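> Sequential numbering from 166 applies to the sequence shown in the working numbering.
One or more of the hints may lead you astray.
[To be verified] Lysine to aspartate or glutamate pairs mimicking EDC-like chemistry, simulated, CA-CA at most 20 Å apart: (1) Lys246 / Glu376; (2) Lys246 / Glu345; (3) Lys358 / Glu321; (4) Lys233 / Glu214; (5) Lys308 / Asp322; (6) Lys537 / Glu471; (7) Lys490 / Glu471; (8) Lys358 / Glu442; (9) Lys347 / Glu312; (10) Lys329 / Glu312; (11) Lys542 / Glu506; (12) Lys553 / Glu478; (13) Lys347 / Glu383; (14) Lys549 / Glu497; (15) Lys537 / Glu498; (16) Lys455 / Glu202; (17) Lys358 / Glu385; (18) Lys244 / Glu442; (19) Lys508 / Glu214; (20) Lys377 / Glu453.
[Said to hold, decoys possible] The calculated label-pair distances, taken between Cβ atoms and stated as ranges, are: (21) Ala428 / Gly541: 41 to 47 Å; (22) Leu424 / Glu548: 51 to 57 Å; (23) Thr250 / Asp168: 30 to 36 Å; (24) Met192 / Leu452: 33 to 39 Å; (25) Lys308 / Leu424: 22 to 28 Å; (26) Ser228 / Arg463: 32 to 38 Å; (27) Thr250 / Glu491: 49 to 55 Å; (28) Lys347 / Val175: 39 to 45 Å; (29) Gly473 / Ala428: 47 to 53 Å; (30) Glu548 / Arg463: 58 to 64 Å; (31) Leu219 / Asp534: 33 to 39 Å; (32) Glu498 / Glu385: 45 to 51 Å.
I should point out that these hints are in silico values taken from the structure, not numbers from a laboratory. Please read all numbers here as calculations on a predicted model, not as lab measurements. Backbone N, C-alpha and C fix where the C-beta goes; we use that ideal spot for every residue, glycine too.
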Amino acid sequence: MKDLLSKQAVNLKPSGIRKFFDIVSEMDDAISLGVGEPDFDTPWHIRDEGIYSLEKGRTFYTSNSGLKELREEICHYMKRKHGVTYDPLHEVLITVGGSEAIDIGLRAVINPGDEVLIPQPSFVSYEPCAIMAGGVPVIIELKAENEFRLTAQELEDAITEKTKILILPFPNNPTGAIMERKDLEEIAEVIRKHDILVMSDEIYAELTYKEKHVSIVEIEGMQERTILINGFSKAYAMTGWRLGYACGPRVILEQMVKLHQFAIMCAPTTSQYAAVEALRNGDPDVLEMKTAYNQRRRYLMHAFQEMGLECFEPFGAFYVFPCIKEFGMTSEEFANRFLEEEKVAVVPGTAFGDCGEGYLRISYAYSLDNLKLAIGKLADFVEKLRAKAR
166 MKDLLSKQAV
176 NLKPSGIRKF
186 FDIVSEMDDA
196 ISLGVGEPDF
206 DTPWHIRDEG
216 IYSLEKGRTF
226 YTSNSGLKEL
236 REEICHYMKR
246 KHGVTYDPLH
256 EVLITVGGSE
266 AIDIGLRAVI
276 NPGDEVLIPQ
286 PSFVSYEPCA
296 IMAGGVPVII
306 ELKAENEFRL
316 TAQELEDAIT
326 EKTKILILPF
336 PNNPTGAIME
346 RKDLEEIAEV
356 IRKHDILVMS
366 DEIYAELTYK
376 EKHVSIVEIE
386 GMQERTILIN
396 GFSKAYAMTG
406 WRLGYACGPR
416 VILEQMVKLH
426 QFAIMCAPTT
436 SQYAAVEALR
446 NGDPDVLEMK
456 TAYNQRRRYL
466 MHAFQEMGLE
476 CFEPFGAFYV
486 FPCIKEFGMT
496 SEEFANRFLE
506 EEKVAVVPGT
516 AFGDCGEGYL
526 RISYAYSLDN
536 LKLAIGKLAD
546 FVEKLRAKAR
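Kindly produce the complete structure, drawing on both the sequences and the hints.
Here you go:
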């Protein structure tokens, strides 16, 4: 057969995160700090609601957009957290995780050749999703000296007449960087000036440690040009429930629903009933988990300081992004050697874009005991490298 495979699919690089995850799964006694998955169980009252929905036989399809009850709760949440109003019937869509929302959101607005601005380091799915939508990824390299925030000047310099949409990945995976209100106001001015769209991925919105998360939809003139992505995986420890959502202008959401209905039909019904309970009564659970993450974050920053490893202080998500440039090896070489010699898995910064070279992503969505064991091994490994260099 000629041309058996899609060239577009073949040319996509596999996830650098999964590569290390697969290696670890085959190693005995390895410690993984590589996967961004909460180590908490889904809170019992949320699980109970999912179990109850099964006991009541609620195993039917929901509407394509999702349970009306859940969409209404999302609108209440957006009003409560960000002071903005959405129409639950036409401006909210329930998806299979935030990843599906990213995919169909880009496909709904991109025409072939449109440029998609992607600040990096950032989540691994943005670039391939832009390519699969027919867009042209334009990378904006975030800098450590700016605390990996996107600046108005960096945005201005990247915009061309072909620019269609900016992906705004904050709080950020892998760096843990956040954008404060003043940062958002500055880039919003550039966005309005050039009349472009925004896709704001706010899956870590509940996990900020310096101050309350500010969404760009709170900034004047931005709600009507923003596709806001969020979900339940990170804040409520519901990764396996596969549930996310998008809020945005009706004209865009109508097209996203169309793509969703042909590819997916609807998100899992059981998960949707559980998510209603999460939004109504899950705030104490989120606070408890966030408090634990913050303790781990502070422990890691102190440990890096003690071992003399450079790392800017992250204030969001559950990742740190230490710099390993002093050792004269690539991020992948460092991660491979650390895994082989100490049996601890971390993710090379290059998994999140070329500008992640010289950094590692370490997740602290793991118990403090595991972190202490792994970081002890990192301190020993770093000391061996420095001793050899002396």
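> For each hint, tell me whether it holds in the structure or not.
Hint-by-hint comparison with the structure:
no.	hint	result
1	Lys246 / Glu376	holds, 13 Å
2	Lys246 / Glu345	holds, 15 Å
3	Lys358 / Glu321	holds, 10 Å
4	Lys233 / Glu214	holds, 17 Å
5	Lys308 / Asp322	holds, 15 Å
6	Lys537 / Glu471	holds, 13 Å
7	Lys490 / Glu471	holds, 18 Å
8	Lys358 / Glu442	violated, 41 Å
9	Lys347 / Glu312	holds, 14 Å
10	Lys329 / Glu312	violated, 26 Å
11	Lys542 / Glu506	holds, 10 Å
12	Lys553 / Glu478	violated, 28 Å
13	Lys347 / Glu383	holds, 12 Å
14	Lys549 / Glu497	holds, 18 Å
15	Lys537 / Glu498	violated, 23 Å
16	Lys455 / Glu202	holds, 14 Å
17	Lys358 / Glu385	holds, 13 Å
18	Lys244 / Glu442	holds, 17 Å
19	Lys508 / Glu214	violated, 39 Å
20	Lys377 / Glu453	holds, 16 Å
21	Ala428 / Gly541: 41 to 47 Å	holds, 46 Å
22	Leu424 / Glu548: 51 to 57 Å	holds, 52 Å
23	Thr250 / Asp168: 30 to 36 Å	violated, 49 Å
24	Met192 / Leu452: 33 to 39 Å	holds, 35 Å
25	Lys308 / Leu424: 22 to 28 Å	violated, 35 Å
26	Ser228 / Arg463: 32 to 38 Å	violated, 44 Å
27	Thr250 / Glu491: 49 to 55 Å	holds, 50 Å
28	Lys347 / Val175: 39 to 45 Å	holds, 44 Å
29	Gly473 / Ala428: 47 to 53 Å	holds, 49 Å
30	Glu548 / Arg463: 58 to 64 Å	violated, 23 Å
31	Leu219 / Asp534: 33 to 39 Å	holds, 34 Å
32	Glu498 / Glu385: 45 to 51 Å	holds, 47 Å
Figure legend: structure checked against the earlier numbered hints; hints not met, in rising order: 8, 10, 12, 15, 19, 23, 25, 26 and 30.
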